[in-house]
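S.K.: Same order as they appear, the protein sequences are chains X and S. If you count the first sequence from 1, position 238 lands on 256 in the numbering used here, and the numbers rise without skipping. If you count the second sequence from 1, position 33 lands on 51 in the numbering used here, and the numbers rise without skipping.
Calculated from the structure, these hints are not laboratory results.
It does not matter which identical chain is used: a pair holds within one copy or between any two.
Straight-line Cα separation of at most 27 Å, BS3-like style, residue types lysine-lysine; simulated pairs: (1) K49 / K163; (2) K33 / K91; (3) K163 / K26; (4) K67 / K163; (5) K34 / K24; (6) K163 / K34; (7) K96 / K33; (8) K49 / K33; (9) K26 / K67; (10) K34 / K22; (11) K33 / K163; (12) K26 / K96; (13) K49 / K34; (14) K96 / K35; (15) K77 / K34; (16) K24 / K35; (17) K96 / K34; (18) K163 / K96.
2 protein chains.
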Amino acid sequence: MLTKNKIKYITSLAKKKFRDEEGVFLAEGAKVVGDILPYFRCLMLCGTKEYLSQHPELKVDEIFEISEAELQKCSQLKTPRDVIAVFRQPTPTPLSGEVMREELCIVLDGVQDPGNLGTIIRLADWFGIHHIICSEDTADAFAPKVIQATMGAITRVALHYTNLTRFLSSIPQGIPVYGTFLEGENIYGKTLSPNGLLIMGNEGNGIRPETQAYINQKLFIPPHPAGCETSESLNVAIATAICCAEFRRQLHCQTR
Amino acid sequence: MLTKNKIKYITSLAKKKFRDEEGVFLAEGAKVVGDILPYFRCLMLCGTKEYLSQHPELKVDEIFEISEAELQKCSQLKTPRDVIAVFRQPTPTPLSGEVMREELCIVLDGVQDPGNLGTIIRLADWFGIHHIICSEDTADAFAPKVIQATMGAITRVALHYTNLTRFLSSIPQGIPVYGTFLEGENIYGKTLSPNGLLIMGNEGNGIRPETQAYINQKLFIPPHPAGCETSESLNVAIATAICCAEFRRQLHCQTR
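Bound-form chain X, shown alone (with noise of 0.2 Å):
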């Protein structure tokens, strides 16, 4: 039985300090659950009636039926659906000098909104990018809006909370560090590299100065038609999304 211990324990996961004391994270609705569950633990799975007739084989560690009622008072989306669960977190292996030798990488800096998150996540999944670095101010990828817009692409997809600054000195030398600056090259007038790490910065202030520091390859998205009055920026979710296509077009198109 779903007891009321059971229910603000769930609710309890919607913080970080107590998804991380308890290193779990949530996951609603059957979509997004079902593609988190072949990959990770689940420990407990509360389904409603209908989608527990739907889903008789469930490898979870508790099961729990749950009324339309507990799921209104357990789930964080605007509209609950029939399932919420409690996954295990992974602890990703920290990041080799030979990952950053062979691949793109995506490093984070004081990305704050949870969907913009989620959705650099669930790109850099479709673009084949396995890993993800981000400054300890950034967004909390185990927050229940961004595992929701990765649409399950958080079981492929590392992520790395670390000291960035420290990080980022101890790379090998000859990696490649892209960002986007107005003041960039025109993206599409340079030869991108197949490795590396592409910086992005915060919503509002972009890439700290101390970051910049470490970006030797500065990148610029253009407008069209160049010079015309347009918007400021492009917002920080779409940028990244623009970088990572053109790195693999040019990758696609070198190596047919």
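Fit chain S to the supplied structure of chain X, relying on the hints for placement.
M.R.: Okay, now just chain S, sitting in the frame of chain X:
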């Protein structure tokens, strides 16, 4: 003085019904309000004492000083800013066939999320796209969340809400109509036209079959590497951005 009735009026504008009846919309924060002020008529502006002292020459019909407590009541934001303003909604001139022969326009078929719509308006502006045609069930461009996400781009991009099937059945012959599909052609292997329509669909269901019927160029944004297990799709604003960036990249490479 900001009467109770005026506060009630402002809060009522969170609802589409009242916005449409009055033909107005809300904008909040010095940045967004400041970006809109030169372009749209401002019927009422409520600023904190500090905001008003920093902005002595405002071209608005009515100005009120607003207290923190009143701002809390009126604001649609989690963290209210220093100003909230009521603007007249623009009435776009109907889209002519000429525009579609000369420019790239975006068509939205049931995009539901206000954040996605706002982000699409902002990126359209970045890429010099002046017209977005929206199905009647697309999110309202004048909803507070959309206005905040556009970051002022709403003044440079015209939104046309219409019966999409009727609109598409009446466009001039020979207009390229693009849409993204998992079974479409690799966008990086195609020559894209500088003009035409780019149709993007609903977050969950994509483009409606009756809209698909008008698409004569099916595009696909390839994941990387090809054939690997990845997210099933990209967020609609992300996919729009990647497509628009590629349309503009090709235009830039052809003309230089």
